[in-house]
Amino acid sequence: MTEERLAALEARLNKLEDEAAIRRLIASYGPLVDSGAADEVAALWTADGCYDVDEIFLDGQAAISAMVRSTGHQRWIQGGCAHFVGPPHVTIKGDNAVAVCHSLMIVHEGGRFVVRRATANHWRLCREENGWAVTVRTNRVLDGRPESPALLRQAGD
Numbered sequence: 001m002t003e004e005r006l007a008a009l010e011a012r013l014n015k016l017e018d019e020a021a022i023r024r025l026i027a028s029y030g031p032l033v034d035s036g037a038a039d040e041v042a043a044l045w046t047a048d049g050c051y052d053v054d055e056i057f058l059d060g061q062a063a064i065s066a067m068v069r070s071t072g073h074q075r076w077i078q079g080g081c082a083h084f085v086g087p088p089h090v091t092i093k094g095d096n097a098v099a100v101c102h103s104l105m106i107v108h109e110g111g112r113f114v115v116r117r118a119t120a121n122h123w124r125l126c127r128e129e130n131g132w133a134v135t136v137r138t139n140r141v142l143d144g145r146p147e148s149p150a151l152l153r154q155a156g157d
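Position one of the sequence shown corresponds to residue 1 (the numbering used here), numbered consecutively onward.
Each hint should be verified, as a subset may be incorrect.
[Said to hold, decoys possible] Calculated cross-link-like contacts (lysine to aspartate or glutamate; reagent style EDC-like; alpha-carbon spacing at most 16 Å): (1) K93 - E17; (2) K93 - E19; (3) K93 - E3; (4) K15 - D143; (5) K93 - E128.
[Claimed, not checked] Estimated spans, in silico, between C-beta atoms of each pair: (6) E4 - D39: 22 to 30 Å; (7) A21 - A118: 35 to 43 Å; (8) E40 - V114: 53 to 61 Å; (9) A27 - N130: 28 to 36 Å; (10) E4 - G79: 12 to 20 Å; (11) A8 - A82: 40 to 48 Å; (12) G110 - E147: 27 to 35 Å; (13) D48 - F113: 31 to 39 Å; (14) A155 - E109: 27 to 35 Å; (15) E4 - V114: 50 to 58 Å; (16) S70 - E129: 42 to 50 Å; (17) E55 - R5: 49 to 57 Å; (18) F57 - L6: 40 to 48 Å; (19) E109 - E129: 39 to 47 Å.
It should be emphasised that the hints constitute simulated quantities derived from the structure, not laboratory data. Where is the CB? At the ideal position from N, CA and C, for every residue including glycine.
Please put together the full structure from these sequences, using the hints given.
This is the structure we're talking about:
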């Protein structure tokens with residue numbers, strides 16, 4: 001009986017630790033991308049991971065790193081911007097996980113801060129040797145199109 005209880009407790013602790021690690025990974029995206037830490041942003045993904053945003057599709061860590069280093073992104077940083085990623089709802093199945101959340105891109109314009117975009121985020125992650133990593137992140141602007149809120153409903157898919 002004690003061994004069963006200990007095993008159950010260990011399983012619960014492992015799940016909580018995995019959820020905390022995934023939440024930390026997702027929360028690190030905003031500060032890293034807003035500080036221009038291109039290699040660190042790219043390292044959140046698996047080597048072959050992709051980032052699917054409405055207007056761009058980034059395939060692999062090199063493309064993700066290049067996006068952060070791009071002139072356009074550097075202009076956002078220089079002008080003042082904040083990528084805020086809301087708390088994710090995380091579902092773990094073995095060595096794979098799905099997380100859904102909202103994100104906001106806030107920019108400094110004309111002496112004030114303005115929400116440039118609000119998006120639905122769907123993250124697919126996997127456990128690698130050194131911890132959790134993103135395999136696919138899909139973002140869609142919340143502008144009334146049906147696929148945006150549909151991403152948020154895919155919490156366990």
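Hints breached by this structure: 3, 4, 6, 7, 8, 9, 10 and 16
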